[in-house]
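Asker: Next come the chains, spelled out residue by residue.
There are 2 protein chains.
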Amino acid sequence: MSSGQPAMPPAVAIHGIGAHSGQSVRIHGWLYNLRESGKLLFPIFRDGTGLIQGVLFKKNVPPELFERVRTLTQESSVEVTGTVRAEARAVGGYELDVTDLRVLQAVPLEHPYPITPKEHGIEFLMEHRHLWLRSQRQAAILRVRHEVIKAVRDFFDEDGFTLADAPILTPAACEGTSNLFEVDYFEEKAYLTQSGQLYAEAAAMAVGKTYCFGPTFRAEKSKTRRHLTEFWMVEPEMAFAGLDDVMQLAERLVAYVVERVLTRRAAELKVLERDIEPLRKIKLPFPRLSYDEAVERVRAAGGTLQWGTDLGGTDETLLSQQFDRPVMVHRYPASVKAFYMQPDPVRPELALCVDMLAPEGYGEIIGGSQRIHDLELLQQRIAEHKLPEQAFSWYVDLRRFGSVPHGGFGMGIERVVAWLCGVEHVRETIPFPRTIYRIFP
Amino acid sequence: MSSGQPAMPPAVAIHGIGAHSGQSVRIHGWLYNLRESGKLLFPIFRDGTGLIQGVLFKKNVPPELFERVRTLTQESSVEVTGTVRAEARAVGGYELDVTDLRVLQAVPLEHPYPITPKEHGIEFLMEHRHLWLRSQRQAAILRVRHEVIKAVRDFFDEDGFTLADAPILTPAACEGTSNLFEVDYFEEKAYLTQSGQLYAEAAAMAVGKTYCFGPTFRAEKSKTRRHLTEFWMVEPEMAFAGLDDVMQLAERLVAYVVERVLTRRAAELKVLERDIEPLRKIKLPFPRLSYDEAVERVRAAGGTLQWGTDLGGTDETLLSQQFDRPVMVHRYPASVKAFYMQPDPVRPELALCVDMLAPEGYGEIIGGSQRIHDLELLQQRIAEHKLPEQAFSWYVDLRRFGSVPHGGFGMGIERVVAWLCGVEHVRETIPFPRTIYRIFP
Chain A
1 MSSGQPAMPP AVAIHGIGAH SGQSVRIHGW LYNLRESGKL LFPIFRDGTG
51 LIQGVLFKKN VPPELFERVR TLTQESSVEV TGTVRAEARA VGGYELDVTD
101 LRVLQAVPLE HPYPITPKEH GIEFLMEHRH LWLRSQRQAA ILRVRHEVIK
151 AVRDFFDEDG FTLADAPILT PAACEGTSNL FEVDYFEEKA YLTQSGQLYA
201 EAAAMAVGKT YCFGPTFRAE KSKTRRHLTE FWMVEPEMAF AGLDDVMQLA
251 ERLVAYVVER VLTRRAAELK VLERDIEPLR KIKLPFPRLS YDEAVERVRA
301 AGGTLQWGTD LGGTDETLLS QQFDRPVMVH RYPASVKAFY MQPDPVRPEL
351 ALCVDMLAPE GYGEIIGGSQ RIHDLELLQQ RIAEHKLPEQ AFSWYVDLRR
401 FGSVPHGGFG MGIERVVAWL CGVEHVRETI PFPRTIYRIF P
Chain B
1 MSSGQPAMPP AVAIHGIGAH SGQSVRIHGW LYNLRESGKL LFPIFRDGTG
51 LIQGVLFKKN VPPELFERVR TLTQESSVEV TGTVRAEARA VGGYELDVTD
101 LRVLQAVPLE HPYPITPKEH GIEFLMEHRH LWLRSQRQAA ILRVRHEVIK
151 AVRDFFDEDG FTLADAPILT PAACEGTSNL FEVDYFEEKA YLTQSGQLYA
201 EAAAMAVGKT YCFGPTFRAE KSKTRRHLTE FWMVEPEMAF AGLDDVMQLA
251 ERLVAYVVER VLTRRAAELK VLERDIEPLR KIKLPFPRLS YDEAVERVRA
301 AGGTLQWGTD LGGTDETLLS QQFDRPVMVH RYPASVKAFY MQPDPVRPEL
351 ALCVDMLAPE GYGEIIGGSQ RIHDLELLQQ RIAEHKLPEQ AFSWYVDLRR
401 FGSVPHGGFG MGIERVVAWL CGVEHVRETI PFPRTIYRIF P
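Note that the protein sequences, when read in sequence, are chains A and B. Just so you know, we're using the numbering used here here: the first sequence kicks off at 1 and counts up by one. Just so you know, we're using the numbering used here here: the second sequence kicks off at 1 and counts up by one.
Source of the hints: derived by calculation from the structure; they are not laboratory data. Even glycine gets a Cβ: it sits at the ideal position worked out from N, Cα and C. The reader is advised that the hints may include incorrect statements.
Claimed, not checked - Dumping the calculated DSSO-like pairs for lysine-lysine here, alpha-carbon to alpha-carbon at most 30 Å:
id	chain 1	residue 1	chain 2	residue 2
1	A	Lys-58	A	Lys-150
2	A	Lys-189	B	Lys-189
3	B	Lys-189	A	Lys-221
To be verified - Over the 12 Å line for every Cβ pair with chain A, so calculated as not near, a few chain B residues:
id	residue
4	His-20
5	Gly-22
6	Phe-42
7	Gly-93
8	Gly-214
9	Phe-392
10	Glu-424
Starting from the given sequences, assemble the full structure and let the hints guide the process.
Answerer: In structure tokens form, the structure reads like this:
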């Protein structure tokens with residue numbers, strides 16, 4: 001109880017505790033784990049910024065303190081006082097010689113913390129997502145996600161793009177009329193946005209280079225490891241830009257994000273046991289393949305892809321594993337792509353579009369295109385796709401009033417985070433995932 | 001036609017055109033305005049990065065070029081070639097002696113650009129929001145909004161907060177069960193989030209300091225100038241924090257954002273004719289008033305506010321005009337505040353909460369509180385407010401497993417942007433506003 005101490009030791013964060021080596025400090029946090037070894041106790045504490053192992057040697061501390069720590073339950077909240085000591089073998093490089101511990105709220109023995117160090121099924125963990133986030137692995141993924149988002153925003157801001165948030169509540173669909181979530185909007189029907197692109201096009205005509213970055217929604221009944229019903233997407237759009245500009249922007253963005261995560265989140269990637277060698281190879285330029293070449297390569301690799309159909313997950317993997325960096329497949333058949341894509345002037349049956357496939361089988365992370373800028377062609381496509389003319393009237397306006405060649409892309413944040421973290425399923429890459437079967441917690 | 005020139009002049013952005021003074025350049029943009037004065041033409045071009053005035057003297061340019069520019073319609077898209085010349089009297093400080101102009105898409109005379117320099121009604125402008133964004137004023141607001149959002153994110157990131165996006169689709173309501181937008185979620189009912197706070201509380205127990213930042217929704221039938229049905233909110237949350245920590249964080253954030261906008265968006269504030277003297281006065285610390293004092297002050301200023309009721313718009317204005325910086329009103333009666341707020345230990349009829357009121361009559365921009373951390377008290381409040389127990393079970397879990405004092409706040413982005421821009425109505429502060437009557441475009 002350090003009764004001889006004149007003042008309370010300073011409260012510090014575990015992350016920066018090394019600066020207090022040799023000093024007495026207080027930390028506020030939770031009991032992450034507890035190991036007992038004869039007359040020694042090794043409680044591991046977490047405070048949201050890091051982990052530190054405490055040490056108590058029975059004969060050196062008051063018996064009631066030893067007993068208090070020995071009976072401490074997982075995730076009980078505590079204030080710990082102790083002396084910081086450098087210890088190369090310990091997690092984080094320091095240990096804490098515990099001199100006092102105050103329990104703030106004890107998790108009762110009869111109602112213990114549900115997520116124990118043993119293995120749990122995924123459904124159980126998802127049901128307890130509000131607690132699961134406290135695990136080292138989930139917190140590490142959260143920090144990588146944070147870094148990816150920050151890097152994306154810094155990239156666009158430094159590159160002269162102006163943020164223009166697209167609306168979530170929309171009167172019409174962008175990616176087609178199926179897979180829409182319907183909202184009761186004061187007795188009218190509205191839909192949750194599937195993409196901010198059409199709005200970004202309007203903003204691009206106002207500010208030249210723009211991006212929107214927010215949640216988007218797909219009511220897909222997909223149960224694959226790459227699908228969520230609610231996910232975040234960044235969508236840059238540039239006036240006076242063609243497909244080549246779109247591809248250059250996309251590869252520069254991805255290279256920038258990878259570099260930032262490698263530089264600033266090395267500790268988190270280590271927690272995740274992510275092999276970073278493949279990530280170190282992500283350097284400009286990225287390979288570009290025409291759809292024609294892609295089909296040939298997939299077939300040569302044993303795939304069954306037919307010209308004229310979109311790439312499936314297996315095709316993507318057969319293709320991307322041939323490269324050590326993301327590969328950009330451009331000029332797909334227009335028939336498998338969205339209505340707003342500009343046709344290739346040389347072969348109008350192709351769209352001036354690009355998909356970027358991540359390495360290591362993580363699939364498509366970016367989809368983009370040059371957009372149709374000709375009024376009549378756009379009207380024709382809207383009619384062919386049987387889209388509601390009235391809902392798209394404002395979008396068509398953009399081709400009436402100073403139309404210019406323009407393009408952009410969308411990048412799905414969760415897929416990028418899954419790739420960089422080496423995480424199998426995107427559900428771990430967003431704090432509170434939404435899937436066809438889950439909207440809780 | 002610069003036929004003697006060996007190479008095409010470089011394409012440049014208007015924003016950085018000063019670096020090319022004396023040189024021939026190309027710009028890509030739109031005709032913003034055109035003035036004719038005898039044998040002179042003064043077209044003003046915009047390219048999304050700025051405005052520049054072109055000059056054509058009839059006898060110095062080919063007749064067909066002069067005629068092409070003279071008949072150019074507003075918002076037609078163009079590629080302009082010309083020589084940059086410093087001109088102190090011109091907008092932006094430079095003029096362009098136009099030597100060539102290529103029309104990319106001419107807005108037809110018989111279907112002109114709908115937003116002319118004359119005055120338009122607000123409903124007309126809102127109906128043409130996709131084009132209205134091109135006006136100097138709207139683009140300036142958009143850039144201030146961009147800066148506010150960037151500053152907010154930089155502030156939290158530099159302060160050690162980890163971003164944890166809250167879900168948009170939720171099974172339950174945070175701010176009460178009215179004013180909810182209902183979504184058809186695979187034949188089940190879901191609701192659009194009104195606040196990410198409850199989820200931020202879960203994340204704070206995982207990472208210590210966190211924030212969420214995304215769109216939120218209120219199906220309010222409010223038609224005031226301060227209400228939108230869809231608006232963006234940033235919500236920080238801190239573990240091991242009390243009301244004082246919340247107030248200190250709130251004032252630091254607002255002072256930081258104001259400083260950033262003043263420093264980096266002076267040009268935009270000038271376009272908006274914003275008097276920046278009141279903004280220069282926003283320095284730490286901000287005044288703090290107890291609710292009791294606030295009631296007294298409102299009544300002394302002629303207001304009719306009764307102790308025990310929430311402040312209305314008029315009360316807020318009567319109060320905030322007594323200060324030259326934002327004022328923080330704390331410890332409201334618990335009965336007018338949300339169920340999750342921690343009672344004041346000295347006077348339990350008060351909640352440990354704070355509202356920050358912006359100066360100049362812009363009303364509440366921040367609402368925050370310390371949250372209840374005691375399990376039984378929270379359960380009691382949930383019962384008193386007749387909230388669905390099952391939907392809140394995960395939230396209650398946070399008090400079962402290592403509960404700690406914690407708190408945070410929400411800051412509405414549109415209200416902050418309205419205040420900083422000196423804009424009367426929040427509908428101009430978001431690219432595509434959603435109100436009770438409007439979901440288009």
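Asker: Look at each hint and say if it fits the structure.
Answerer: A quick look at each hint next to the structure:
1. Of the pairs offered as hints, the one joining Lys-58(A) and Lys-150(A) is violated, with about 46 Å between alpha carbons and a cut-off of 30 Å exceeded.
2. The hinted pair formed by Lys-189(A) and Lys-189(B) meets the criterion: a straight-line CA distance of about 15 Å does not exceed 30 Å.
3. Distance hint between Lys-189(B) and Lys-221(A) is fulfilled; the C-alpha atoms sit about 16 Å from each other, no more than 30 Å.
4. The claim that His-20(B) is not at the interface with chain A holds, since no C-beta of that chain comes within 12 Å of its own (minimum 17 Å).
5. The claim that Gly-22(B) is not at the interface with chain A holds, since no C-beta of that chain comes within 12 Å of its own (minimum 24 Å).
6. Its beta-carbon lying about 19 Å from the closest one in chain A, Phe-42(B) satisfies the requirement of being farther than 12 Å from that chain.
7. Taking the minimum C-beta to C-beta distance to chain A, about 19 Å, the non-interface status of Gly-93(B) holds against the 12 Å cut.
8. With a minimum CB-CB distance of about 6 Å to chain A, Gly-214(B) fails to clear the 12 Å threshold, and the non-interface call is violated.
9. Annotated as non-interface, Phe-392(B) brings its C-beta within 12 Å of a C-beta of chain A; the closest such distance is 9 Å.
10. Even its closest Cβ contact with chain A, about 21 Å, leaves Glu-424(B) beyond 12 Å, as expected for a residue assigned away from the interface.
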